[in-house]
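2 protein chains.
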Amino acid sequence: MATATSRPPLRTAIATVCISGTLEDKLAAAAAAGFDGVEIFEPDFVVSSSSAREVRQRCADLGLSIDLYQPFRDFDSTDPAQVELNLRRADRKFDVMEALGTDLILVCSAVSPTAVDDNAVIAEQLHRLAERARQRGMRISYEALAWGTKVNTYDRSWDIVRAADHPALGVCLDSFHILSRGSDPAGIEQIPGEKIFFLQLADAPFMNMDVLQWSRHHRLFPEQGTFDLPAFLGHVLTAGYTGPLSLEVFNDVFRQSDPGRAAVDAHRSLLALYESTVGSVPLDRAGSVTGDSGAVGTSGSDRQVPPAPELGGFAFAELAVDDESGPAVAATLSCLGFVHSGQHRSKPVQLWSQGDARVLLNAARGLDEHPTGAAVAAIGFETRDPAAAAVRAQAMLAPLLPRRVGAGEADLSAVAAPDETAVFFCRTGAADASSWIGDFEPTAAAAGTSPLGLRRIDHVALTQPYDRFDEASLFFRCVLGLPTRHSSEIAAPFGLVRNRTAANVDGSVRIGMTVSVLRRGGQWAPGVTDPQHVAFATDDIVAAARAAVAAGAPVLPVPANYYDDLDARLALPAEQLAALRELNLLYDRTSDGEFWHFYTAVLGGRVFFEVVQRIGDYQGYGEVNSPVRMAAHRRQRRATTSISS
Amino acid sequence: MATATSRPPLRTAIATVCISGTLEDKLAAAAAAGFDGVEIFEPDFVVSSSSAREVRQRCADLGLSIDLYQPFRDFDSTDPAQVELNLRRADRKFDVMEALGTDLILVCSAVSPTAVDDNAVIAEQLHRLAERARQRGMRISYEALAWGTKVNTYDRSWDIVRAADHPALGVCLDSFHILSRGSDPAGIEQIPGEKIFFLQLADAPFMNMDVLQWSRHHRLFPEQGTFDLPAFLGHVLTAGYTGPLSLEVFNDVFRQSDPGRAAVDAHRSLLALYESTVGSVPLDRAGSVTGDSGAVGTSGSDRQVPPAPELGGFAFAELAVDDESGPAVAATLSCLGFVHSGQHRSKPVQLWSQGDARVLLNAARGLDEHPTGAAVAAIGFETRDPAAAAVRAQAMLAPLLPRRVGAGEADLSAVAAPDETAVFFCRTGAADASSWIGDFEPTAAAAGTSPLGLRRIDHVALTQPYDRFDEASLFFRCVLGLPTRHSSEIAAPFGLVRNRTAANVDGSVRIGMTVSVLRRGGQWAPGVTDPQHVAFATDDIVAAARAAVAAGAPVLPVPANYYDDLDARLALPAEQLAALRELNLLYDRTSDGEFWHFYTAVLGGRVFFEVVQRIGDYQGYGEVNSPVRMAAHRRQRRATTSISS
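Top to bottom, those sequences are chains D and F.
Take 1 as the starting number for the first sequence in the UniProt record's numbering and just add one per residue.
Take 1 as the starting number for the second sequence in the UniProt record's numbering and just add one per residue.
The hints are simulated quantities; they were obtained by calculation from the structure and are not laboratory data.
Every value quoted in this text rests on a predicted model; they were computed, and no experiment measured them.
The beta-carbon is built from N, C-alpha and C at its ideal position, and this holds for glycine as well.
You can take every hint at face value.
From the structure, some residues in chain F lie toward chain D, with a derived Cβ separation under 7 angstroms:
id : residue
1  : V47
2  : S49
3  : R89
4  : R92
5  : N208
6  : D252
7  : R255
8  : P559
9  : Y562
10 : A568
11 : P627
12 : A631
Where chain D lies over chain F, by a calculated footprint (3+ residues, C-beta under 8 angstroms):
id : region
13 : 209-219
14 : 507-518
Quick list of the computed label-pair ranges, beta carbon to beta carbon:
id : chain 1 : residue 1 : chain 2 : residue 2 : range
15 : D       : D118      : F       : A574      : 29 to 37 angstroms
16 : D       : G193      : F       : F206      : 38 to 46 angstroms
17 : D       : H340      : F       : T114      : 53 to 61 angstroms
18 : D       : H340      : F       : R58       : 40 to 48 angstroms
19 : D       : A491      : F       : P402      : 34 to 42 angstroms
20 : F       : R58       : D       : Q576      : 29 to 37 angstroms
21 : D       : D228      : F       : L85       : 34 to 42 angstroms
22 : D       : G616      : F       : P399      : 52 to 60 angstroms
23 : D       : G193      : F       : D228      : 49 to 57 angstroms
The whole structure should be built from the sequences, with the hints applied where relevant.
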């Protein structure tokens, strides 16, 4: 690994194929996200009404270099006439490149039935091509596709380039093509850095499927999948590669998302990968740092992006409420043992607390931003250095949210998570402006011991827009230092749901992310939404549930069939089963431990609460029970809104 | 194959897992679609608040039998203590089945690490289970999962059942588990029919991927995928199976679609499969036949559903237009050489014609049903026996559309295609009511020779709702006798697009179906819609294009980059390239032939026109050029609506 003093250059690029839209849309998005350059993906250029010269000018105006033109397919051939046609085709593409002002083209290994199998013959044909390129001041970057008919490993592509021995011919390395085949990337260090003409980076989830389909539809941006890209990039940098780090990601979701948003996600992934590989990111190469706070904003070439914060727990969860949902949420919190312990000095915000669990009810945010009634609007995270965490968040391209601060009130900067939830960095109880809690005037309500014994927030579960799920995972990992630690897929009553949890090492912060993979809301079942929730931890779930029921909490009813099945599956002791059944508790167990939990009804919008007890080292969230919860919430919806299908 | 006289029974069933919603939603949908019975998928029951007795009563009220309770997993075990726990678990499930009033449970082969590998041991354990079942009047249906740890082929499951030799133990055959592994289903004929306790049917597209994921997410209803299910079912019937034909389809799209609609699609698939296997479907077992026409409506046990019609071409394409789009569409048709040759006697509908190409512009349908301006509202198909085609359509569960008929006008019944396009069966020029054309008063416009020489409609391309694509394929195959003959996938500028074409043998009727796999409309790019179009055939595309341009048709501009690429790729003769370039023509060629075509702008809504010339035996639609078309339409949208991203 390179040290900070000999840090390799950080130049970023993106292939236009990664994002949605016309070529013009894509260039604008790449520039706005801070990329240094682009690869022009030929089909994007072919459908554009902009000439090559116009594209060149547009890129210059946007401050983008054109680092590569790609792809040139099926060059080598056992058919000599076809080779001549292919050389003619290349000449036409050199014309385009000349007008674009780029000198590098990607030639990928042939997939045609006439592909050559003899390295010497391929080398000879590539040598001819490279010589034609050289005469026009251009260069050829040869890449082994993972599904090339004959050439499909990087070491074979390098053998051929070495044999061709032409100054205008080098290799292009693509992490997907190499890692998807299980090739050992360590051998890359044997390739002279100056012969690695280009580097394309892509991650991917592990999938046991045809590699061509995997590549064309399911690639991800770095740090979003399962490939060890820091190790891969380390080998490439050790070899002496000094060119751009360029993304080439084919992904069906990114292909149709807002390109501005996807480009930011993409650029963040490169910053995160560089940091993981090299150790740190220069602040002047990261996202622009702006904001109201005078503490940050300048950058020098020797300043680094602060490392990811070590979060110490939840400071608060803030719910947006309106006139209708506010009282319902407050009443439920009261039944769950919370007290209204503070009132904001300048805004219509209530603080409800119990132990270290704190919930803010904000009636000012409810109307415009959260039209659904009640919703999770913000999360406060405890961290020792909120200012550094905010600098990092902005450097890692998290959008800064505007904030109105009253005189003498805490000045917390907030950034928007991918689902628009506001993220605050706090130091609750600190003597400075980072403690938000001083903004609240204590009420007369006694903060005595609650019979429920809720200690803290266990997790907050956020529903993600379907095309921001991978972006959200990267955001929580990169901005908040919360890697994905748990993932699952649930065949729920109204469609497939994927879950991931981002959490810190000690489990004091857990963020659940859920996404309805195909469903987009209640098309046929208008009572079905994808609600968010806040879960509180207790050490005695049975006592907590009894107290909640006694206080009149709207505990979600669980059907008898569930307990009959639990009995059949797990043969629990009779008293345990009776307690579960009596109190509408749900249950899960693994080899690591047990999970007991209960839910409330959905409260006037898209929020509900959960109370959980973890026993042993159980790391999940009782996802196996979520279909029970969804069906029960649906029944409540129907009962209260008379929706019927 | 069984003959009509010895026709096997047609009883239909569906596993509740196939469709979306709560158990109550699913039962209602299955009954409404005409199924005789259901398999209760256990997770659907577990999340339900209805007790087993209530479910039993509900099914009885709906006229549904409960044919199977499923699945019971991981029964056999190398751990004797686990076997005892599993027998206890089975006893609890027998309790549920007793209350449900069903006697058959599905036990699938074990996938656990403790699965037994010795047939004799598995047989002994299953014998114990079967004996317990027998004592309660129940039976066990043993199925080999394709990914069972040890037992994963149907012949091994039969070997085990035979060895266990218990009257309450038989096999369950699932077409997916058998065909996905490439097993030869002919051996099924060696199993005594009475030992085949249950039959589960599912189709699937060919996918080179992990069989578990393939099964859990991508199964399809019969006749929607690539399995040879008629051959499979033939073997099962030859063996003597007399139980229900039951669907078990896990599909991410169906899982979240309107269950009422999905159940109809599902039932249609079984009727189609039965017809393909046995030769015909008794009319009284198909969908209920109702309608205004007195010619049909009664059914006898010896009457058969008429075979699929042999379509002879397009009678017309009908566009809904409004005050704004109507003149624009009419003007464009005029530029394309059509004349306004008729006016409907009682409705604001114009007939425009050229050769055998006829387009109706209907200003009465435009406002309520098609709020987007102009849209394809209906298609008329030529057939020799429109009444029989209508009987079949309704028997195959196509929804009959209401129709207002004026005195003395043609009385055509219409059914709705999955995308809501009305489908009419016509006999243009017939002396009876099946000729619609007599409803139009000829105008004074000369129907002389057009310089464009458009002869007929080549194809109509319909955009499908994303969750009705497979339903649409089955509809066109089953109701109209148009199997899918061509399919492709296009990485278009705004996301992945899949195309299929349903066509008859002589190509006189071709329906294009396109679907945006993930995109749901213009989230980030509000100018992007998924327009439909009507394509007209000519024998001289160059002359047609020149005439259209001379007449001022809004021919879609094609970027110069496209022609440069065409030149590079295909090295066309210079005159051909010049003609293409001059006239904004697009081009494709395969080993079968060539395709020349041009498009118009989108006309005031979501409709455009295309003019095509097929040379040789070219069967495609120039899909390779559709990204060029989409980007060009987007530019036009932006230019006229000032939408910018």
